[in-house]
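Those letters in the sequence shown? Residues 1 to 118, per UniProt numbering, in order.
These aren't lab readings, by the way, just hints derived from the structure by calculation. Some hints here could point you the wrong way.
[Unchecked claim] Heads up, simulated DSS-like pairs for lysine-lysine below, C-alpha to C-alpha not over 27 angstroms straight-line: (1) Lys-104 to Lys-116; (2) Lys-98 to Lys-87; (3) Lys-45 to Lys-116; (4) Lys-45 to Lys-104; (5) Lys-62 to Lys-87; (6) Lys-95 to Lys-12; (7) Lys-66 to Lys-104; (8) Lys-12 to Lys-66; (9) Lys-104 to Lys-12; (10) Lys-104 to Lys-70; (11) Lys-45 to Lys-98; (12) Lys-62 to Lys-84; (13) Lys-45 to Lys-87; (14) Lys-116 to Lys-95; (15) Lys-11 to Lys-98; (16) Lys-70 to Lys-11; (17) Lys-70 to Lys-98.
If you're wondering where the values come from, they're calculated on a predicted model, not measured in any experiment.
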Amino acid sequence: MLKSICQYFRKKDEIIGNWTREDDGSGLINIYGWSLHFFENDTGKSYSWENDSETNYDFEWKRENKTEIKLRTEDNDWEFITYKMEKYIGAYTSKQTKLTEINKDKFWDSPEALYKRR
Numbered sequence: 001m002l003k004s005i006c007q008y009f010r011k012k013d014e015i016i017g018n019w020t021r022e023d024d025g026s027g028l029i030n031i032y033g034w035s036l037h038f039f040e041n042d043t044g045k046s047y048s049w050e051n052d053s054e055t056n057y058d059f060e061w062k063r064e065n066k067t068e069i070k071l072r073t074e075d076n077d078w079e080f081i082t083y084k085m086e087k088y089i090g091a092y093t094s095k096q097t098k099l100t101e102i103n104k105d106k107f108w109d110s111p112e113a114l115y116k117r118r
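Please construct the entire structure, taking both the sequences and the accompanying hints into account.
Pasting the structure below:
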């Protein structure tokens, strides 16, 4: 019983949720884009879309420490990613969090930073 109570009060991992390319207000995100959705059960889904086509694949992830996770797809080995999160004000003054790898302007298989609304 104590274990189930502790799990209930356990803090949600900061990476969990849907992270997507920046919505700059131009409407282009409706035409093309990409996102990563991290689930609580250490799985995730990658989405990319362009015009009427969409590509998806599943991945696994595991927390290594406060700023590092490891990720892998079914066909690949684990990749270790050290990341940072920053507060960001987006289009129409939307409050977001920006996710990038340390010393890079992208995150994992995305060509740019990813964002999540706060």
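Hints versus structure:
no. : hint               : verdict
1   : Lys-104 to Lys-116 : holds (18 angstroms)
2   : Lys-98 to Lys-87   : holds (6 angstroms)
3   : Lys-45 to Lys-116  : holds (15 angstroms)
4   : Lys-45 to Lys-104  : holds (22 angstroms)
5   : Lys-62 to Lys-87   : holds (23 angstroms)
6   : Lys-95 to Lys-12   : holds (20 angstroms)
7   : Lys-66 to Lys-104  : holds (18 angstroms)
8   : Lys-12 to Lys-66   : holds (13 angstroms)
9   : Lys-104 to Lys-12  : holds (26 angstroms)
10  : Lys-104 to Lys-70  : holds (17 angstroms)
11  : Lys-45 to Lys-98   : holds (19 angstroms)
12  : Lys-62 to Lys-84   : holds (16 angstroms)
13  : Lys-45 to Lys-87   : holds (24 angstroms)
14  : Lys-116 to Lys-95  : holds (9 angstroms)
15  : Lys-11 to Lys-98   : holds (20 angstroms)
16  : Lys-70 to Lys-11   : holds (19 angstroms)
17  : Lys-70 to Lys-98   : holds (19 angstroms)
The structure fails none of the hints (numbered hints given earlier).
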